[in-house]
Amino acid sequence: MPGLLFSNAALLAGLGALAFPVLIHLLLKQKRKPLHFSTIQFFQTRDEKTSQRRELRNLILLSMRLLLLALLVLAFARPYLPASPGMIRELQPRQIVLVLDRSASMQAGNHWAKAKKFLDQAVSGLSAADRVALIDSGASAEIIAPPGAPDTLKPILQKLEPGFGTSDLAAGLKTAVRLLSHSNAGGTLQIEIISDLQKSACARLAEASVPKGIELTICPVAESETPNLALTELAWDHGQHAVVLRANNYSLQMANGVKMSLLVDGIPSVIPSLSLAAETSTQLSLKLPGLDPGWHSVETHIAAHDSFALDDVRYESIFIPKPLRVLCVEQRASLRAFEEETFFVASALAPESTNEGPYVVEKTAPEDAASKLAKAGNYVLVVLPGLRQIPPDLAPGLTKFVTKGGGVIFFLGEKLNPNRYNEDFHGLLPALPGHVEGDEEQPENFWHVRDYERDGLIFAAFKEPDSGDVTLPEFRRRFTLTVMDGSRVEASFNDCVPLIVSKNLGRGRVVLVNSSADTSWTDWPKRKTFLPWLYGMAANATQRTLSPDAEDATPFVAGFPADVPLGAEAGKLALQVREPSNREVSAMADAQGKISLSLEEPGFYSIHDTAGHELRRVAVNLAAAESDLQSFLPAEITIPRTNDPPRAGVIAGVFGDDRRELWHLLLLAALGLVFFEPLLANRCYA
Amino acid sequence: MEPPQTISPELFDSLGDVSLIAREVVEGFLGGLHRSPFLGYSTEFASHRPYMQGDDLRQVDWKVWGRTDGLYVKQFEDDTNLCCQIFLDTSASMNFGQPDKFVYARTLAAALAYLMSRQHDASGLILFGGMAVQALPARSNPDHLDEMFHQLAAAEPAGQTTADVGLGQIVGTFTRSGLSVVISDLFSNGDAIFELLRQLRAQRQQVIVFHVLSPEETDFKFEGDFLIEDCESGEKIPVNADSFRSDYLKSFNDFCRRAELICETLEIDYQRLRTDEPLDRALTIYLEERMAR
Chain X
1 MPGLLFSNAA LLAGLGALAF PVLIHLLLKQ KRKPLHFSTI QFFQTRDEKT
51 SQRRELRNLI LLSMRLLLLA LLVLAFARPY LPASPGMIRE LQPRQIVLVL
101 DRSASMQAGN HWAKAKKFLD QAVSGLSAAD RVALIDSGAS AEIIAPPGAP
151 DTLKPILQKL EPGFGTSDLA AGLKTAVRLL SHSNAGGTLQ IEIISDLQKS
201 ACARLAEASV PKGIELTICP VAESETPNLA LTELAWDHGQ HAVVLRANNY
251 SLQMANGVKM SLLVDGIPSV IPSLSLAAET STQLSLKLPG LDPGWHSVET
301 HIAAHDSFAL DDVRYESIFI PKPLRVLCVE QRASLRAFEE ETFFVASALA
351 PESTNEGPYV VEKTAPEDAA SKLAKAGNYV LVVLPGLRQI PPDLAPGLTK
401 FVTKGGGVIF FLGEKLNPNR YNEDFHGLLP ALPGHVEGDE EQPENFWHVR
451 DYERDGLIFA AFKEPDSGDV TLPEFRRRFT LTVMDGSRVE ASFNDCVPLI
501 VSKNLGRGRV VLVNSSADTS WTDWPKRKTF LPWLYGMAAN ATQRTLSPDA
551 EDATPFVAGF PADVPLGAEA GKLALQVREP SNREVSAMAD AQGKISLSLE
601 EPGFYSIHDT AGHELRRVAV NLAAAESDLQ SFLPAEITIP RTNDPPRAGV
651 IAGVFGDDRR ELWHLLLLAA LGLVFFEPLL ANRCYA
Chain F
687 MEPPQTISPE LFDSLGDVSL IAREVVEGFL GGLHRSPFLG YSTEFASHRP
737 YMQGDDLRQV DWKVWGRTDG LYVKQFEDDT NLCCQIFLDT SASMNFGQPD
787 KFVYARTLAA ALAYLMSRQH DASGLILFGG MAVQALPARS NPDHLDEMFH
837 QLAAAEPAGQ TTADVGLGQI VGTFTRSGLS VVISDLFSNG DAIFELLRQL
887 RAQRQQVIVF HVLSPEETDF KFEGDFLIED CESGEKIPVN ADSFRSDYLK
937 SFNDFCRRAE LICETLEIDY QRLRTDEPLD RALTIYLEER MAR
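As given, the protein sequences belong to chains X and F, one line each in that order.
Following the numbering used here, the numbering of the first sequence begins with 1 at its first residue and continues without gaps.
Following the numbering used here, the numbering of the second sequence begins with 687 at its first residue and continues without gaps.
Keep in mind that a hint or two might mislead.
Claimed, not checked - Pulled a few chain X residues facing chain F out of the computed Cβ check, cut under 8 Å:
| hint | residue |
| --- | --- |
| 1 | 33 |
| 2 | 35 |
| 3 | 36 |
| 4 | 37 |
| 5 | 38 |
| 6 | 40 |
| 7 | 41 |
| 8 | 43 |
Keep in mind the hints are simulated off the structure, nothing from the lab.
Idealized CB from N, CA, C, for every residue including glycine.
Required output: the full structure, derived from the provided sequences and hints.
Dropping the structure here:
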């Protein structure tokens with residue numbers, strides 16, 4: 001009998017005594033004496049069956065005596081049956097924890113219907129004395145229902161719906177084990193995992209461990225094969241003004257001519273249909289039309305008609321900033337723009353072919369610059385070529401502008417009077433010009449950029465290999481410079497004379513370029529590296545980057561709560577959040593300007609202040625891993641079992657008073673044989 | 687007067703001389719029959735006739751001569767007119783028991799032969815076992831008794847009692863009515879022995895059957911398991927004596943009753959003899975039968 005144990009197993013050696021009756025039987029059998037008799041005619045009358053019956057009775061008698069002896073030996077050995085899980089279940093109330101996978105993949109096919117069926121069966125099979133708890137095995141396991149009577153769980157189950165997040169069964173399992181370990185109630189312990197066993201959900205199961213005292217059941221709900229075509233990525237490419245889309249075909253069959261659609265702020269755009277081979281993925285770049293400054297919603301859809309519809313759509317939010325205003329001081333205004341000294345700079349910052357650049361450039365005469373700065377007040381950058389004349393109000397105006405946070409880029413030039421510069425802009429300039437040097441007739445003496453701050457904003461565009469060689473431009477003329485204290489040399493010529501020097505002033509920043517803004521002293525404006533370098537210069541001076549903030553670019557995944565940064569200016573602001581279901585939720589940003597959102601479902605979350613000004617739009621998508629519906633079979637899952645005693649109650653249940661002693665039954669049977677044996681014996685020998 | 691001598695089973699084993707035993711038995715038996723009515727049977731007086739020359743003077747009745755002065759000779763009934771055949775079973779089944787059935791039966795046959803000789807009866811001996819042999823034809827001369835003893839001493843039990851053709855032929859030669867004494871355990875293959883009895887009766891023979899049985903056969907006081915082996919056929923049967931005793935005794939007694947019934951039907955005197963009892967009863971029965979003739 002499996003599981004039969006003995007308190008005094010050593011006494012089982014007494015079973016060897018069974019050999020004696022057998023031996024005696026055999027010895028007696030061998031001693032049948034031969035007897036010559038006058039005739040056997042009187043013996044032939046006996047029925048052969050009588051002899052056979054007698055032999056049979058003798059064998060039965062022998063067996064009975066052997067059994068009697070064996071029963072006595074076994075009874076003295078005190079056999080018992082340890083309490084099996086089934087027996088414990090019968091004897092004691094059950095403590096069962098249901099670990100439910102509510103990830104988005106459970107909405108595929110009829111996974112959720114099966115899961116509900118398992119849940120109903122599990123709960124309906126419990127008695128009132130049993131206790132049941134329900135755990136959502138999300139990325140961070142959540143106890144949906146603490147241990148309680150089965151009836152209390154039923155209304156919860158009726159309202160229960162699958163979520164949009166991911167699942168980590170290991171987290172759910174750990175929580176379940178912890179819950180059972182902390183339970184003080186007696187009874188058998190059981191965990192039931194109800195899941196589609198998606199591979200991503202089971203990835204960490206090997207890290208979990210379940211004590212052997214806990215019965216573990218896995219209830220799979222997934223079909224053997226669930227074809228799925230999914231959009232798994234949609235990202236905004238700021239540089240290309242496009243969105244990058246990735247589509248995956250998780251099916252074993254090719255997807256042909258799947259219709260796709262792109263919606264920008266709800267307006268559809270025609271894009272080609274999608275064809276994708278089995279178990280492959282592809283990436284598409286979809287150019288977006290011109291967008292006004294502000295937040296925009298971009299959606300892509302595919303008409304996959306597969307078993308999982310949630311991943312047939314992907315969301316992305318795009319913020320188009322307002323152009324930054326740049327004031328270029330031009331001292332030789334001309335009808336022919338290319339003759340202007342700031343022509344290359346202005347054209348680079350704001351090309352006339354498009355009005356979608358990040359900068360808007362205004363030109364002004366030196367004498368009007370101060371007044372414009374004072375009146376408008378919304379410039380972020382002032383570009384000054386080497387001025388022949390310096391209006392008296394320019395220096396104070398610039399100083400005030402910079403102090404308040406503006407940026408200024410000083411170029412130098414042939415007509416510049418260094419003494420005047422040093423006097424008027426003494427507080428602004430990061431380096432003081434001395435005298436002009438350089439001979440345009442001797443190209444071999446032209447200077448080049450050698451050392452520069454590779455990690456700074458100015459040369460950020462050249463960090464990647466093959467992104468442009470800034471050492472190629474030639475510098476024919478320059479000033480000798482005296483770098484002021486507190487200033488920073490951003491780049492130097494090959495003879496270590498500073499090329500670019502910057503310094504902070506107040507909240508603003510001043511950058512000095514030891515060359516002309518046009519091509520009179522250098523050929524850099526004619527080279528390809530000029531544009532990105534100038535953008536870097538502008539970013540450095542204005543202390544504003546044009547690419548999205550890395551923190552802002554973090555993708556948001558459904559089912560995961562997230563802190564959304566809104567900027568320091570939003571600190572402590574009372575806000576409204578419009579969820580994908582158009583539900584408005586009130587929230588408050590923290591001191592750092594972050595707001596915590598639950599982000600339960602995929603879609604757009606619009607955050608705006610009480611005046612209706614939209615501060616942030618967040619696109620929330622399904623986790624890409626949810627789209628891969630490949631699942632494990634229960635037999636393929638290995639969950640380590642530990643010998644840790646779950647708790648005292650279980651130990652008592654297995655090894656304590658619940659064991660079934662059998663010795664009294666054996667003695668009773670032996671007693672019955674003692675009474676029955678003489679009857680048979682007398683019949684045998686009668 | 688000496689007490690009647692009986693013969694014990696031990697004596698059968700110790701005495702090898704058949705004639706000696708027979709004489710001892712018969713003399714002892716007759717000694718015990720003092721004043722018995724059996725005396726003189728063999729010299730039964732019939733009448734007187736005048737003496738004729740050549741008559742034996744010993745036969746002259748001198749008392750009559752004294753009274754009448756005439757010589758008269760006594761005439762007796764024919765005292766050798768009984769022809770007695772002794773059938774002795776020499777089958778292997780007789781070689782069984784303590785005392786041995788064959789020894790007992792042979793002694794009985796010898797005693798009867800001696801007694802017959804004493805009474806001037808003609809006696810013959812037929813041995814039947816595996817095959818029937820007429821050892822000696824019926825005669826009454828004194829030498830015949832010695833030959834009878836010699837044949838009995840030489841007889842050995844062997845073979846299986848069957849309805850042998852030779853036995854039938856022997857019985858068929860019996861032309862005179864007479865007395866046949868069958869000494870046997872009546873164990874035969876089928877009803878061969880009873881067929882013999884029927885033939886004897888058909889040949890006008892008065893028959894006495896001495897059914898010789900050993901105490902082991904009549905009582906079956908064995909205990910335990912035995913492998914019973916048939917003395918005649920050699921067939922073996924495992925038997926638990928304890929459990930089978932009642933069945934055996936029932937079957938055995940049924941057999942004996944059947945034999946007795948058949949004998950009664952054939953008007954045959956049936957006598958059952960145990961080998962542990964004296965031969966006196968058998969001799970008495972014989973003499974009663976002799977007297978009746």
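Restraint satisfaction for residue 38 of chain X [CB to CB of chain F, less than 8 Å]: holds (4 Å)
Given hint residue 40 of chain X near chain F, where the shortest CB pair must fall under 8 Å: Interface hint status for residue 40 of chain X: holds (4 Å vs cutoff 8 Å).
Interface hint outcome for residue 41 of chain X [beta carbon to chain F under 8 Å]: Nearest chain F Cβ about 7 Å off; hint holds.
Residue 36 of chain X as chain F interface residue, shortest Cβ-Cβ below 8 Å: Since chain F brings a Cβ to about 5 Å from residue 36 of chain X, closer than 8 Å, the hint holds.
Proposed interface contact between residue 33 of chain X and chain F, which counts if any beta carbon pair is under 8 Å: holds (5 Å)
Status of the residue 35 of chain X interface restraint (C-beta, 8 Å, chain F): holds (4 Å)
Per-residue hint verdict: residue 37 of chain X, partner chain F, C-beta under 8 Å: holds (5 Å)
Interface hint status, residue 43 of chain X versus chain F (Cβ within 8 Å): Since chain F brings a Cβ to about 5 Å from residue 43 of chain X, closer than 8 Å, the hint holds.
Checked against the numbered hints above, the structure violates none of them.
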